[in-house]
Amino acid sequence: MNEMCFLYTLSSNALSYIFLFCILSSVSSRDETDHLALLSIKNHITSDPCQIMPLWNDSIHFCNWTGIVCGLRHRRVVTLDFRSCGFSGSISPAVGNLTFLRDLILDNNSFTGNVPQEVGRLSRLRRLHVWNNSLSGEIPSNISRCSNLVELYLGDNSFIGVIPNEFESLSKLQSLILDSSELTGEIPKFIGNFTSLAILSCAYNHFQGSIPDTLGQLSNLWYFNFVVNNLSGILPLSFFNMSSLKQIHLVDNKIRGNLPLDIAQRFLGLRVLNLAMNKFSGPIPLSLSNATNLVFLSLDENAFTGSVPSFSRLQRLLRLTVDMNQLGNGRSDNLNFVSSLANCTNLQMLGFGSNNLGGVLPRSVSNFTLLTELIIETNLISGNIPYDIGQLVNVERLSLYSNQLTGTIPDSIGNLRSLGLLALGENLLSGSIPSSLGNLTRYLNKLYLDGNKLEGSVPPDLSNCRGLQVLNLSRNNLSGYIPKGIFGLSSLTIGLDLSDNRFVGSLPSEVGALQNLVSFDVSNNMMSGEIPFVLGSCTSLVELSIAGNTIEGEIPSSFRSLRGLEILDLSRNNLTGRIPEYLGDFVFLKTLNLSLNGFDGQFPKLGAFRNASIVSVYGNAKLCGGLPEFQLPKCSNKGKKNQISLSLLITIPILSMIFVLSLVVMFCWFCKRKKAATESSSEDGNFPQVSYQSLHEATDGFSSANLIGSGKFSYVYKATLHRKTKPQFVAVKVLKLAVHGADRSFIAECEALRSIRHRNLVKVLTCCSSLDFQGNDFKALVYSCMVNGSLEDWLHQNRAVGLNFLQRLNIVIDLAGALDYIHRQCGSLMIHCDIKPSNVLLDSDLVAHLSDFGLARFVHPDSSTSHTSSLGVKGTIGYAAPEYGMGSRLSTNGDVYSFGILILELFTGKRPTDEMFSDGLSLHSFVKMAIPERVMGITDPVLFRTREEGNMATDTRDSDMHDGIKDRLTSVYGIGIACSTEIPGDRIEISNALNKLQFVKKTFLKGRVTRRIRRI
0 MNEMCFLYTL
10 SSNALSYIFL
20 FCILSSVSSR
30 DETDHLALLS
40 IKNHITSDPC
50 QIMPLWNDSI
60 HFCNWTGIVC
70 GLRHRRVVTL
80 DFRSCGFSGS
90 ISPAVGNLTF
100 LRDLILDNNS
110 FTGNVPQEVG
120 RLSRLRRLHV
130 WNNSLSGEIP
140 SNISRCSNLV
150 ELYLGDNSFI
160 GVIPNEFESL
170 SKLQSLILDS
180 SELTGEIPKF
190 IGNFTSLAIL
200 SCAYNHFQGS
210 IPDTLGQLSN
220 LWYFNFVVNN
230 LSGILPLSFF
240 NMSSLKQIHL
250 VDNKIRGNLP
260 LDIAQRFLGL
270 RVLNLAMNKF
280 SGPIPLSLSN
290 ATNLVFLSLD
300 ENAFTGSVPS
310 FSRLQRLLRL
320 TVDMNQLGNG
330 RSDNLNFVSS
340 LANCTNLQML
350 GFGSNNLGGV
360 LPRSVSNFTL
370 LTELIIETNL
380 ISGNIPYDIG
390 QLVNVERLSL
400 YSNQLTGTIP
410 DSIGNLRSLG
420 LLALGENLLS
430 GSIPSSLGNL
440 TRYLNKLYLD
450 GNKLEGSVPP
460 DLSNCRGLQV
470 LNLSRNNLSG
480 YIPKGIFGLS
490 SLTIGLDLSD
500 NRFVGSLPSE
510 VGALQNLVSF
520 DVSNNMMSGE
530 IPFVLGSCTS
540 LVELSIAGNT
550 IEGEIPSSFR
560 SLRGLEILDL
570 SRNNLTGRIP
580 EYLGDFVFLK
590 TLNLSLNGFD
600 GQFPKLGAFR
610 NASIVSVYGN
620 AKLCGGLPEF
630 QLPKCSNKGK
640 KNQISLSLLI
650 TIPILSMIFV
660 LSLVVMFCWF
670 CKRKKAATES
680 SSEDGNFPQV
690 SYQSLHEATD
700 GFSSANLIGS
710 GKFSYVYKAT
720 LHRKTKPQFV
730 AVKVLKLAVH
740 GADRSFIAEC
750 EALRSIRHRN
760 LVKVLTCCSS
770 LDFQGNDFKA
780 LVYSCMVNGS
790 LEDWLHQNRA
800 VGLNFLQRLN
810 IVIDLAGALD
820 YIHRQCGSLM
830 IHCDIKPSNV
840 LLDSDLVAHL
850 SDFGLARFVH
860 PDSSTSHTSS
870 LGVKGTIGYA
880 APEYGMGSRL
890 STNGDVYSFG
900 ILILELFTGK
910 RPTDEMFSDG
920 LSLHSFVKMA
930 IPERVMGITD
940 PVLFRTREEG
950 NMATDTRDSD
960 MHDGIKDRLT
970 SVYGIGIACS
980 TEIPGDRIEI
990 SNALNKLQFV
1000 KKTFLKGRVT
1010 RRIRRI
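Letter by letter, the sequence shown follows residues 0 to 1015 of numbering that gives the first Met the number 0.
None of these hints come from the bench; they were simulated from the model. Among the clues, some could well be false.
Cut-off 25 Å, straight-line C-alpha distance, at most; resulting in silico cross-link-like pairs (BS3-like, lysine-lysine) [to be verified]:
{"#": "1", "residue 1": "Lys1000", "residue 2": "Lys965"}
{"#": "2", "residue 1": "Lys717", "residue 2": "Lys604"}
{"#": "3", "residue 1": "Lys604", "residue 2": "Lys589"}
{"#": "4", "residue 1": "Lys1005", "residue 2": "Lys965"}
{"#": "5", "residue 1": "Lys589", "residue 2": "Lys762"}
{"#": "6", "residue 1": "Lys245", "residue 2": "Lys278"}
{"#": "7", "residue 1": "Lys711", "residue 2": "Lys762"}
{"#": "8", "residue 1": "Lys1005", "residue 2": "Lys253"}
{"#": "9", "residue 1": "Lys717", "residue 2": "Lys735"}
{"#": "10", "residue 1": "Lys1000", "residue 2": "Lys927"}
{"#": "11", "residue 1": "Lys188", "residue 2": "Lys171"}
The task is simple: from the sequences and hints, build the whole structure.
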């Protein structure tokens, strides 16, 4: 009996141990599954600026790793939270092995690639957040298998296609955010079955069609956002059954129809109604005056008619904008609604411009002391500007432009110290310009007083406004001398318009300070004297008019530097002398008016002077020659015929002798050329050949007039090759074969361009390896002509007239794409070795093309250079990586360094070799010390200028553009710094830089639209 008990006890204990072992083995297996999945996720992360991944090591259990939360009972991963870690790389498919995962949070990083289909295996998943990354491809339909999803945030990526039909099974969703992608198709009707849905946001996509009536079933929805899509039709009646709605955002669609008269009763909790930029019509519902929770009402850019209702009960209202509709009828009671806003003491933005509103502006408008914007331009408002308007001490933008206002400009406006935009133009204002405007020294950057009846002199105090970018005093009765301080305002970058007044005196030398000015107009005044030579220093000018004065003398030779001009009007003056031929080379010219002056001599025939539609010279009695279209008399040739006859008698015998000798020389040359052509054909067999004679003719004998650039190893000429079909404008790169290394540079460039093709690499058309007319070796490459020259020209050679922030950003994105191609995608790894602005060429659309592969090297897998490695030069001083100076081997890191320096130069406008960079200060450290606090101060001022800003309508809506640029500039400078660090291993890869730059562009474009909407 005892033996049996002993055996039973032993057997029972053994089974317990076996059972426990099986449990431990199972737990260990599950534990290892999560462990391996996390390691795979780690391996797919290529950039980790916060250095989180090094902490993921086996010194601690993975449940204690940063960003990981495990369940207390089963020790399986339930949360993976990487939000705002700055990660780059891709999402590992192994994430699908974390089968206990409930929260996958990857917001605000730089992940690329697709969302892996394996996510569909996470059946317990409740929150999937990948908002604000660079993910692409279609939205995986497998996500529909995560049937417990409550929050799905896929916005701010680059997804394409439609919302998958399989998503119909996600019936537990409470938040669906798909903003800022490239999604298309219609809004799926099945979304109406998501009865728990509270947030639906699909802004900045390409959805089209009507809003489905099934959405009326969403009884819990409080946030609805389809801003900037292509939705059309009318809002279905069922839409107004969603009584829980608090925010409605439908800006920039094509939705039409009337709003229900009882809209406020249908949405009792409504806080935001944002319907701007649609096609709504009919009256603004009176019931909105009962929407007491409303804080944001924007109905801009529709077709609303009738009167603006009273909003006296909307005490929480912060913003009211009804601009650009058909409101009002010009009667005196049209502005009664402004008085009804007396209780809206929190109002920050009020806009009712571009309507038909009449009446006198009530004094009560001055009670909105928190107001930052008051935009009431382009109406029929009359009467005086209330003196009490000086109480709006927080206002930043004040536009009363284009009304029927009378009286004087109140001195009290000088109290508005926060004012950035003041637009009082196109009214009937009289009196003098108050000197108190000179008190607005801190923020005022745009001042429009044009088209009034102002008189007297310009107060010198106005030159205290050191931040002015636009000053428009045109079309008034102003007189006297223009204060020299106005011409000395170097901040003026967009426009200075003093035309159509009665100003006297001459243009002072201080005008040379306007080096970043785009538009300058002093036409139709009583100005005298000569054109100051220093005006040629204003190299950013696009429009220049001094017409209709009594200015005399010749056109200064310094005007040769104004190569960005589109409009030059010097007509109706007393100018004399020859018309400079170089004006014909101004490739941007659209209007050149030299009429009614005293110019003499032969009229030029080249360039712009061949186009009578853009050039006007009538009223210059002493001009002759030119094309027949200009109807000028022929120039006199008396006495030249006898000289020609005598010359022929002398030269005919000499020419005969030269002809005989030429036949002998040409026969020898032909034989040698044939042999050389055979050799060159074998050397560069992949290039179609062109003859030396063709290039000689195409460049007018390699004339200096056609020389557009020169480097250590080559000259570059513009040329016209005459093909069978039509003339082709090209650039010819002629090697300086006398310079040691030039022949190897030619071979290197031929080898490089034979092997690569990319939209952002310069395209080689043909080459020439032959003999010149003297029998010397001649080698040249022929490229597609880039009509906008090099980036060097635009930055430093007086052509920086159009490179705003977005254009510069596009250029560095183009260049990063080219480098990414030659580093990773062109078959063999290539290193360019000479990235700098002069080697970046711009086509007619300002698309950048990387050029000059004379120093390029192919690198084999063993990292040794190709046969071109004997070429000693490794770049250009200032751009070459510092490790090259210590004899380090060539690598892609060197190109990345040069690219980073180019970014910093492009956005600061400063060369890396500028004399200011000495005693340890470099362009890299200069920028690094300045960001983020002083980012605007180090940036090229030309960047802040766009040609559209000269238009008043655009300007009044875009004056806070800099706010969006500042953050983006900080990001761009950060990328440039990360590329140009001194230690090669610390530099980011070019593919990573490209992704980051594309993200900056995406957020900038989105922000620009958002700011526009916010101002609406």
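Structure-based check of all given hints:
Distance hint between Lys1000 and Lys965 is fulfilled; the C-alpha atoms sit about 13 Å from each other, no more than 25 Å. Under the criterion of a C-alpha separation no larger than 25 Å, the hint pairing Lys717 with Lys604 is consistent with the structure, at around 19 Å. Restraint check for Lys604 and Lys589: satisfied, since their Cα atoms lie roughly 17 Å apart, inside the 25 Å limit. With a C-alpha separation of about 14 Å, the suggested pair Lys1005 and Lys965 falls inside the 25 Å cut-off, and the hint holds.
Between Lys589 and Lys762 the CA atoms are separated by roughly 29 Å; this puts the pair beyond 25 Å, and the hint is violated. Between Lys245 and Lys278 the alpha-carbon distance is near 22 Å, which keeps this suggested pair within the 25 Å criterion. At most 25 Å may separate the alpha-carbon atoms for a hinted pair to count; Lys711 and Lys762 meet this at roughly 21 Å. Restraint check for Lys1005 and Lys253: the C-alpha separation of about 19 Å stays at or below 25 Å, so the hint holds.
For a cut-off of 25 Å, the pair hint linking Lys717 to Lys735 stands: about 17 Å separates their Cα positions. Restraint check: the Cα-Cα separation between Lys1000 and Lys927 comes to about 21 Å, which is no more than 25 Å; the hinted pair holds. Between Lys188 and Lys171, the direct Cα distance comes to roughly 16 Å. Compliance with the 25 Å bound is thereby established for this hinted pair.
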